[in-house]
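Q: Single-letter residue listing:
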Amino acid sequence: MGQKLKLIKNAADRKVPALVNGVKAIPFKGVSRYSPKGVKAAPPIRSCNDYPSSGNKVVGSLKEALKKCGVKNGMTISNHHHFRNGDLVMNQVFDTAAKMGVKNLRWFPSASFPCHEPMIKHMENGVIHHIEGSLNGPLGNYASDGKMKGLAVLRSHGGRWQAIQDGEVHIDIAIIAAPTADPFGNCTGDRGPSACGLLGFGLADSLYADHVVVVTDNLVDFPCVPWQIQGNNVDHVVVLDKVGEPEKIVSGTTQITKSPDRLFIAELTAKFVKAAGIMQDGFSFQAGAGGTALAFAIYLRELMKESGVKARFIRGGSTKYLVEMLEGGLTDFILDGQTFDLEGVRSMRENLGHINTSPFTSYNWHGKGNFASILDAVVLGATEVDINFNANVVTHSDGQMLHGIGGWQNCLFSKCTILPIPSFRNRIPIIVDEVTTLVGPGELIDVIITERGIAINPKREDLIKATKRSGLPIRKIEEIKEEVDDLVGAPLDKPEFTDEVVGVVKWVDGTVIDSIFKVNK
Amino acid sequence: MATRQYTSGNLQRKSDFCVTYIPAKSGKIITTIHSKTAVLHGSKLHDICSTTLSDLHISYGRLEVTDTGGQYFVLKARIEAVVKAANPKAVAESLPEFKKHAHYKSREDRFRRSRLYLPGNQAKLMLNAGIHKPDAIILDIEDSVALAEKNTARLIVRNALRTLDFFGAERMVRINQGKTGLKDLEAVIPHNVHLILVPKVETAKQLIEVDEKIQAIRKDCGRKEPVFLMPILESASGILNSLEIAKASKNNVAIAIGLEDYTADIGVERTNQGRESLFARSQVVNAARSAGIQAIDTVFSDVNDEDALRESVREAKEIGFDGKGCIHPRQIKPIHEEFAPTEPEIEKAKKIVRAFDEAETKGLGVVSLGSKMIDPPVVKRAQNTINLAMATGLVPKNWKRK
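Chains as they are written, first to last, in the numbering used here: chain A, 2 to 522; chain B, 334 to 735.
Derived from the structure by calculation, the hints contain no laboratory data. Where a beta carbon is used, it is the ideal one built from N, C-alpha and C, also for glycine. Honestly, I wouldn't trust all of these hints.
Claimed, not checked - Which bits of chain B does chain A cover? Going by a derived footprint, with three or more residues having C-beta under 8 Å, they are:
#	segment
1	365-375
2	455-465
3	556-565
4	659-668
Stated by the list, open to error - Derived pair list, reagent style DSS-like, types lysine-lysine, alpha-carbon separation capped at 27 Å:
#	chain 1	residue 1	chain 2	residue 2
5	B	LYS369	A	LYS259
6	A	LYS249	B	LYS347
7	A	LYS469	A	LYS416
8	A	LYS522	B	LYS347
9	B	LYS695	A	LYS259
10	A	LYS477	B	LYS650
11	B	LYS730	A	LYS469
12	B	LYS466	A	LYS259
13	B	LYS377	A	LYS495
14	B	LYS369	A	LYS495
15	A	LYS416	A	LYS460
16	A	LYS466	B	LYS730
17	A	LYS477	B	LYS730
18	A	LYS68	A	LYS100
19	B	LYS347	A	LYS259
20	A	LYS477	B	LYS466
21	B	LYS683	B	LYS695
22	B	LYS457	A	LYS495
23	A	LYS30	A	LYS460
24	A	LYS148	A	LYS7
25	B	LYS369	A	LYS150
26	B	LYS666	A	LYS469
27	B	LYS369	A	LYS148
28	A	LYS10	A	LYS522
29	B	LYS666	A	LYS272
30	B	LYS583	B	LYS546
31	B	LYS433	A	LYS259
32	B	LYS650	B	LYS730
33	A	LYS10	A	LYS495
34	B	LYS583	A	LYS477
35	A	LYS7	A	LYS64
Build the full structure now, drawing on both the sequences and the hints.
A: Structure (C-alpha cells):
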C-alpha cells in the first residue's frame, strides 16, 4: 500500500519523506553538498573453527544453506543481477523460504527482471515484505499501484554499494549465483554453461553480508582461478542442475538498432563527440548496450579510424563492438562493468586489456574517487528530460515505475554527459516542462541529442563554443520542445498523483532526491 | 438483424489507431476509447473524436477507438474513413489544421536525386522522414497500400500533407491508376502536394487525363501553384511511347521507370546487372532529355545491401539518370554521395563558371576557356554540377570568393 508520510522539501524542491521503511532518511542537499562522517559497516568476525579445514563448503540444498545461515522473519536477502532475465536462482530461493515458513523478508537485488514476476506471489503471501532494487515490468506496476507493503527504494549501482558500505542496508544473506565455483567458494562469471562475464554487482554483498551463499551449476576442483569473488568471504556452496538460461543471460549477437531515426541520433552523437574536441588520442568514453548506444560506438569507431585516434579506455557494458575496438588497437583497455554478449565474455577470459570492475571502483560516491568521473564522455538514455536538463529514468510520464537507475546517476559525473534520445515516443514528448521524477539534476547533464536537433546545456559554454561552427543542428531545448509538442498535440493531461508515496529515489550519496507517488487511476 | 459495422485499421499495428463505427438513425453518439495512455491522452482523444464527428455531421451511432499510439491526424482520417464507408455519398471533410511548415514551395528544376517511398497508411514512418533529408518524399497510395486501406490511406495522406513538416523535401504523392487515381487527386491537390507520380503510364492520353483533372481541381480550390507531374513507365508500351508521354504536359518535370512491372511485362527476370532493362532505361533517359526534363531511375529495394545500392546508383548516373527511388532512409545518403560530382568534374565546372562570370563582367558575348569556346549548354551543365556539389557539401556556398 502507498504510505501517507510526513514530507519535507529537499534542495531540489521535491517533496520527500524523512522516514523510509522505518529508517531515517536524509533529504537531498544538492550535488556534492553532503559528506557523511563515521566508519563503514563491517561483517561479523568469523573463525576457521567453524568452517571445514578441507575447504569443502558444499551443502546439499538451498534449504540447507538457508537453514545454516539462520534464515528468519524480517531478514534481508540479496543477489546480483548478472544473470539478467535468465536468472533461475532467486525464484527458487524465495520458494524455499516460503516452504520454510519464513515471512517479511526484504529482497535486495542489484536489479530485478521480468523473470522475477513470481515474487509478486511472495509479496501477496507475506514471504517478501518489500523489494529494494530496480523494479521493471510487472514488479514495477505492482509497486506503482501501491500494492507493495514497503516503499520501493531505487538506487544507482554506486548508490547500492554506498548503502551497503555505509550500513544503510544490512544484508543478512547474500546469494551469489556463479557460473563456475570451487567447493571453497571461489567463483567466477567468465566461464561455465551459464557464463555471464563478471560478478562485480555481487562483490559488495560478498564483503559485507553476514552470510554468503554461492550457488553454481559448474563446480570445479579447488582452486577456481582466476576468481572474481573470493571464497574466504563465502559460507556455503550449493550446486544446482542449472542456475541460468544462457540465451537470456547473454545474447550471441547484440542487436544494433534498425530504426533510421535512432541510427541518425547515434550518428549525430558520434559527430558531436568529435566536433566538441572530445575524441582525441588518449580519451575515454562509456556506451552501454542499448540499440542507440551500440550504434553510437560503431559510428565513433569509424570516426576514430578516419582520424587515427586511439582511446585510453572504454567503459562497458562490453559487447562485441567494444571487443573489436580493443582487439583492433583502437583502445588500450575495456573497463567492464557487465558483459552483454558472448564475445565480451570471451574477451574477458582472453584479453589482458579487458578489465573487471565493480561498482566500488567505478561508481561508489563514498570512496576516494571513482572511475566514472574520469570519463571524457558518457552516452545515456532517459524517459524524460525537462527544459532545465533535469532527467528521469525510473518513471514514465504516466507516473508508472518501469526502469531501474543502473549506473546512470553515477555516470552523470563524467566530463561530458550526453543523452541521445528520440524527441517523442508515439504521442509522448520526451522533453517536458518538469520531469515526473527527478533522478538526475540538470547541472550534471550537458547535451541532449534528438533526431530534431542537439541541445547543449547553457552552463556548458565551452561545448557551445567548440561546436558553434561544426554544422551540427544545435538548437535551444525550448525550440525542439515546441516543435515536438506541436507534432504530438501536447500539452498532455497530467496524471493525478495522490499524496501516497510508493517509492523513493536515492541520490549517489544516499540522500533522497525524489519520491514516487501513487497515481489516481 | 445486426447493424453493419465499419472498421478502419488493425489492432496489431503499433503507433496507429483502429476505429469502428456502427451507424444509427437516432439516439446519440456513443464513443468508447481504449488507450494504454488514457491518463495522459484521455481528454484530447475524446476531443478529437467529437470534433471530427461533428465536422462530418454525425450525431448518432457508436464509435469505438483503440489507440496503439498513432498521431491525431491519423485518428481523424480513420474516423472520416469509417463514416464515409457508411455514407459513401457524404462530402463533408474533417481537416486538421494546415500548419505553416506545410506551405513551402517547390521548383521545376530542383534536385530529385533521392525520392523516399512511404506507404500512405503508415503515418508512423512519415513523422521523421524529413530529417533524413531526401530530395523528395512520396506518400504512396498505390502499390504499398492494400485495397482495403486505400480509402483510409488517401485521407491519411491528405491529413499528413496539412500536418507534417518534411523539412524542405519535395512533397510528392503517388496516386492509383484510373478512376481511383482521380479520387486520390481530389483529396490531395488542395493541400500543397508539389508533384504527382502517375503510375503505369502507357500513353500520352492517360497523362493528359490526369493533368486535366488536376487543372479542374486547382480551379475549384483556387490553387495558384502548379502541380508537377512525374509519369512512371512500367511496361513495354510505356517505354515505346516515352517521348510522347514526356512531352504530353508542360507540368512534367521528370519521367521515371519502374522495373519490377517492366521486367514482368517483357517476360524476363530482373537481375542486378540489369542488362534486360538497358534499352528501356536508355530510352527513358533520351526521351527525358529530348523533352528537357529529368530522368529518374527505378527503386533499389534491398535495404541491407549498401554496396549494391551504390553500384546501382553509379550505373544509373553513367546511363544518364538524375535520381533513384528508395524505400528506407538509410539509402538516402549513399544515393546522394554517388550522384555527387567527382573532384575533377567539380574543378572543371568551377573553371567554366568562372570563365562565364568573367565574360559577363567584361561584357563579352562569347565564353572561352583557354583556346576553347564554351557553348551555353556547357555552362548550364557546369552550374548544375556546382549546385549538386554544394548540395552534397563538397563545395562551400561561397566557393567563388575562395
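Q: Would you mind marking each hint as holding or not holding in the structure?
A: Hint-by-hint comparison with the structure:
Figure legend: the segment 365-375 of chain B, annotated as covered by chain A; annotation consistent (5 residues with Cβ-Cβ distances under 8 Å, at least 3 required). Against chain A, the segment 455-465 of chain B contributes 4 residues with a C-beta closer than 8 Å to a partner C-beta. That satisfies the three-residue criterion, and the hint holds. Here the segment 556-565 of chain B counts 0 residues with a CB under 8 Å from a CB of chain A, which misses the bar of 3, and the coverage is violated. Three residues within the 8 Å Cβ limit are the bar, and the segment 659-668 of chain B against chain A gives 3, so the coverage statement holds.
For the proposed pair LYS369 of chain B and LYS259 of chain A, the alpha carbon gap of about 25 Å is at most 27 Å, so the pair holds. Only pairs whose Cα atoms come within 27 Å are accepted, and LYS249 of chain A paired with LYS347 of chain B is accepted, the gap being roughly 25 Å. Taking the CA atoms of LYS469 of chain A and LYS416 of chain A, the gap is near 19 Å; set against the 27 Å cutoff, the hint holds. With a CA separation close to 24 Å, the supplied pair LYS522 of chain A and LYS347 of chain B stays within the 27 Å bound.
For the hint pairing LYS695 of chain B with LYS259 of chain A, the CA-to-CA distance comes to about 56 Å; that exceeds 27 Å, so the pair is violated. A C-alpha spacing of about 40 Å is found between LYS477 of chain A and LYS650 of chain B, which places the hinted pair above 27 Å, so the restraint is violated. With a C-alpha separation of about 18 Å, the suggested pair LYS730 of chain B and LYS469 of chain A falls inside the 27 Å cut-off, and the hint holds. About 18 Å separates the Cα atoms of LYS466 of chain B and LYS259 of chain A, which keeps this hinted pair within 27 Å; it holds.
A C-alpha spacing of about 12 Å is found between LYS377 of chain B and LYS495 of chain A, which places the hinted pair at or below 27 Å, so the restraint holds. With a C-alpha separation of about 14 Å, the suggested pair LYS369 of chain B and LYS495 of chain A falls inside the 27 Å cut-off, and the hint holds. Proximity of LYS416 of chain A to LYS460 of chain A is assessed by CA-CA distance (about 13 Å); at most 27 Å being required, the pair is judged to hold. A distance of roughly 23 Å separates the Cα atoms of LYS466 of chain A and LYS730 of chain B; the hinted pair therefore holds under the 27 Å criterion.
Taken as a hint, the LYS477 of chain A and LYS730 of chain B pair is honoured in the structure, with Cα atoms around 25 Å apart against an allowance of 27 Å. Distance restraint check for LYS68 of chain A and LYS100 of chain A: the Cα-Cα separation of roughly 12 Å lies within the 27 Å cut-off, and the hinted pair is therefore satisfied. With a C-alpha separation of about 16 Å, the suggested pairing of LYS347 of chain B with LYS259 of chain A holds against the 27 Å cut-off. Distance check on the hinted pair: LYS477 of chain A and LYS466 of chain B sit about 21 Å apart at the alpha-carbon level, within 27 Å; holds.
Pair hint LYS683 of chain B plus LYS695 of chain B holds up; C-alpha atoms about 18 Å apart against a cutoff of 27 Å. For the hint pairing LYS457 of chain B with LYS495 of chain A, the CA-to-CA distance comes to about 24 Å; that is within 27 Å, so the pair holds. Using a Cα cut-off of 27 Å, the hinted pair LYS30 of chain A and LYS460 of chain A holds, with the two alpha carbons roughly 20 Å apart. Between the alpha carbons of LYS148 of chain A and LYS7 of chain A the distance comes to roughly 20 Å, so the proposed pair stays at or under 27 Å and holds.
Between LYS369 of chain B and LYS150 of chain A the CA atoms are separated by roughly 26 Å; this keeps the pair inside 27 Å, and the hint holds. A threshold of 27 Å between alpha carbons decides the hint, and for LYS666 of chain B with LYS469 of chain A the separation of about 24 Å falls inside it, so the pair holds. Distance restraint check for LYS369 of chain B and LYS148 of chain A: the Cα-Cα separation of roughly 20 Å lies within the 27 Å cut-off, and the hinted pair is therefore satisfied. Of the supplied pair hints, the one linking LYS10 of chain A and LYS522 of chain A holds, its CA atoms being roughly 26 Å apart against a limit of 27 Å.
About 16 Å separates the Cα atoms of LYS666 of chain B and LYS272 of chain A, which keeps this hinted pair within 27 Å; it holds. As the CA atoms of LYS583 of chain B and LYS546 of chain B are separated by approximately 15 Å, the hinted pair is consistent with the 27 Å bound. Pair hint LYS433 of chain B plus LYS259 of chain A does not hold up; C-alpha atoms about 32 Å apart against a cutoff of 27 Å. As the CA atoms of LYS650 of chain B and LYS730 of chain B are separated by approximately 24 Å, the hinted pair is consistent with the 27 Å bound.
The suggested pairing of LYS10 of chain A with LYS495 of chain A holds, with an alpha-carbon distance near 21 Å, which does not exceed 27 Å. With a C-alpha separation of about 44 Å, the suggested pairing of LYS583 of chain B with LYS477 of chain A is violated against the 27 Å cut-off. Between the alpha carbons of LYS7 of chain A and LYS64 of chain A the distance comes to roughly 41 Å, so the proposed pair goes past 27 Å and is violated.
Of the hints listed earlier, those the structure fails to meet are numbers 3, 9, 10, 31, 34, 35, in rising order.
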